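Undergrad: Next come the chains, spelled out residue by residue.
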Amino acid sequence: MGPIGENEFFFLMQGLKWTVLLAIVGFIGGGIFGILIALLRTSKTKVARTITAGYIGVFQGTPLLMQLFVVYYGVALLGIEVNAWIAVAIAFTLHASAFLGEIWRGSIEAVPKGQTEAANALGLHYVSRMKDVILPQALKISMPATIGFLVQLIKGTSLAAIVGFIELTRAGQIISNQTYRPLLVFGIVAAIYFIICWPLSHAGSGLEKRMSKAVR
Amino acid sequence: MGYRFDFGAVLDRAPELLWASFGTLGLALAGMLLALVIGILGVVARTSKSRIARTPVIVFVEVVRNTPFLVQIFFIYFALPLMGIRLNPTVTAIIALGINGGAYAIEIIRGGVESVSRGQIEAGFALGLHKADVFRLIVLKPALRAIYPSLTSQFIMLTLTTSVCTSIAAYELTSAAQRIESDTFRSFEVYFTVTAIYLVISTLMMGLFALISRHYFNYPTR
Chain A
1 MGPIGENEFF FLMQGLKWTV LLAIVGFIGG GIFGILIALL RTSKTKVART
51 ITAGYIGVFQ GTPLLMQLFV VYYGVALLGI EVNAWIAVAI AFTLHASAFL
101 GEIWRGSIEA VPKGQTEAAN ALGLHYVSRM KDVILPQALK ISMPATIGFL
151 VQLIKGTSLA AIVGFIELTR AGQIISNQTY RPLLVFGIVA AIYFIICWPL
201 SHAGSGLEKR MSKAVR
Chain B
217 MGYRFDFGAV LDRAPELLWA SFGTLGLALA GMLLALVIGI LGVVARTSKS
267 RIARTPVIVF VEVVRNTPFL VQIFFIYFAL PLMGIRLNPT VTAIIALGIN
317 GGAYAIEIIR GGVESVSRGQ IEAGFALGLH KADVFRLIVL KPALRAIYPS
367 LTSQFIMLTL TTSVCTSIAA YELTSAAQRI ESDTFRSFEV YFTVTAIYLV
417 ISTLMMGLFA LISRHYFNYP TR
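Protein chains in written order, with our numbering: chain A, 1 to 216; chain B, 217 to 438.
Among these hints, one or two may not hold up.
[To be verified] No farther apart than 25 Å at their CA atoms in a straight line, the calculated lysine to aspartate or glutamate pairs in the DMTMM-like style are these:
1) 46/A <-> 109/A
2) 131/A <-> 208/A
3) 209/A <-> 278/B
4) 209/A <-> 330/B
5) 213/A <-> 278/B
6) 17/A <-> 278/B
7) 213/A <-> 330/B
8) 113/A <-> 132/A
9) 357/B <-> 330/B
10) 209/A <-> 323/B
11) 213/A <-> 323/B
12) 140/A <-> 323/B
13) 46/A <-> 117/A
Just so you know, these hints were derived from the structure itself, not from any lab.
These numbers come from a predicted model, not from an experiment.
Let's have the full structure, built from the sequences with the hints guiding it.
TA: Okay, structure coming up:
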C-alpha cells in the first residue's frame, strides 16, 4: 500500500482538468449542433424531420460507450491523423447534440401555438419568429432539462477512460493500481464528481419547482 | 480512403455475439428487478415519518445520481471483497446496475405515489370500495400509469448502461466486442455491428413497453 500524497493528488487534478474540458467541449459543440437538430426536427420539411428523428433515435438507443468506440475508430479510418482528444471530443459533441436537440425540440413545441400565430400575424418571417419570439421562451422552458443533461454529460465523460483517455476516472484507476488503495482513491474521485454535479442537479430541480409553480 | 471494410470477420463470430446479447439482456433484466426492489423499499423508507429512515435514502439518491456509473462499479467491485464478499463480475455488475437504477427508481416511484390525490382515495371509500380495491384501483394503477413512461425509459437507459460492465469483465455484448476486436483487429466493423445490435435491443424493448402500456393502461383519463 502506498500513501496518497501530493503527487497523486496533482495527477487527479490533471485528470479533472480533462474531465472539465471534455464536458465543456461536448456541451458547447453539442449545443451548437443541438439547436440545428431541434430546428430541423420542428421544421415543416418532412425529410428534415425524419432524418433528425433517426439521428436522435440512434444516439438515444445505443450506449455512449459504443458511440465513443465507433467514432474513435471511424475517424481513424477516414485517414485523418487525429489524436485521441479530437476523436473523443467529436463523439461527445455528436452525443450531446442528439440529446440537447430532443430536449430543445420539446421546449420549442411547449411554447404556446398562439405565439407562433401572433408572430405570423405580425408578418415576422421564420428567422425573426424563431430568434425573437419562440427560442427565448423555449430556452427558458428547457433550462431544467438542459442542466440535467449537463450533469449526465459530465458523468458520461468518465467513459472516455475506457477508450484510453486519461481523465478523472482513468487517473483514479491508475493511482489505485499504484497505491493499492482503491476504496480511498475511488472515494475521492466520486467525491470530486459529486462536488461538481450536485450543485448543478440542485439548481436544475430548483428551477423546475419554481417553473411548475409559475405555471399553476 | 484506401480502407477495405471486412464485416465477414465479424459475421464469423455471430454466435458469440448472439450469446453475448443474451448476457446483456440478462444483466439488464436482473438489474431492472433489483432496481425495482430498491426503488419500492426506498420509497417506503423515504416517505416514512421517521427521520432516521428518510435521511439515508436521501443521501443515497443524491450520491448515486451525481457520480458516474463507472466510478460506482469500480467502487463496488473493490469494496465487496474487502467486506469478505467474493462475487463473480456478473453478479457484481447486477448489484451495481441495481443500485444505480434503484436511486433513479426511488425518485420516479415517489413522484407517482405522491401524484395520487387524497380526495380520490376518500372518494373510493365513500363509494363503499374495499380497502384492497381502493389500493389496487385508485392508488396502484393510476400511480403505475403516471410513472410508466419515466420508469421504462430509465430501464432502457439501464440496458444501455450494461455496456459499461465490460470494465469489470462481466459477460455481455461490449466485452464480447472487445474480445472479437482484439482477435480480428477489425475495430470499426466490430463496434459498428455491436452498436447496431444495441439499437435493435433498445428499439424492441421500447416497442414492448409501448405494447404493454397500450394493453394495460388503455382507459381514458378524462
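Undergrad: Against each hint, give a clear statement of whether it holds in the structure.
TA: Quick rundown of the hints versus the structure:
no.	hint	in the structure
1	46/A <-> 109/A	holds (16 Å)
2	131/A <-> 208/A	holds (24 Å)
3	209/A <-> 278/B	holds (17 Å)
4	209/A <-> 330/B	holds (15 Å)
5	213/A <-> 278/B	holds (23 Å)
6	17/A <-> 278/B	holds (24 Å)
7	213/A <-> 330/B	holds (16 Å)
8	113/A <-> 132/A	holds (15 Å)
9	357/B <-> 330/B	holds (13 Å)
10	209/A <-> 323/B	holds (15 Å)
11	213/A <-> 323/B	holds (19 Å)
12	140/A <-> 323/B	holds (24 Å)
13	46/A <-> 117/A	holds (21 Å)
Consistency note: the structure conflicts with none of the earlier hints.
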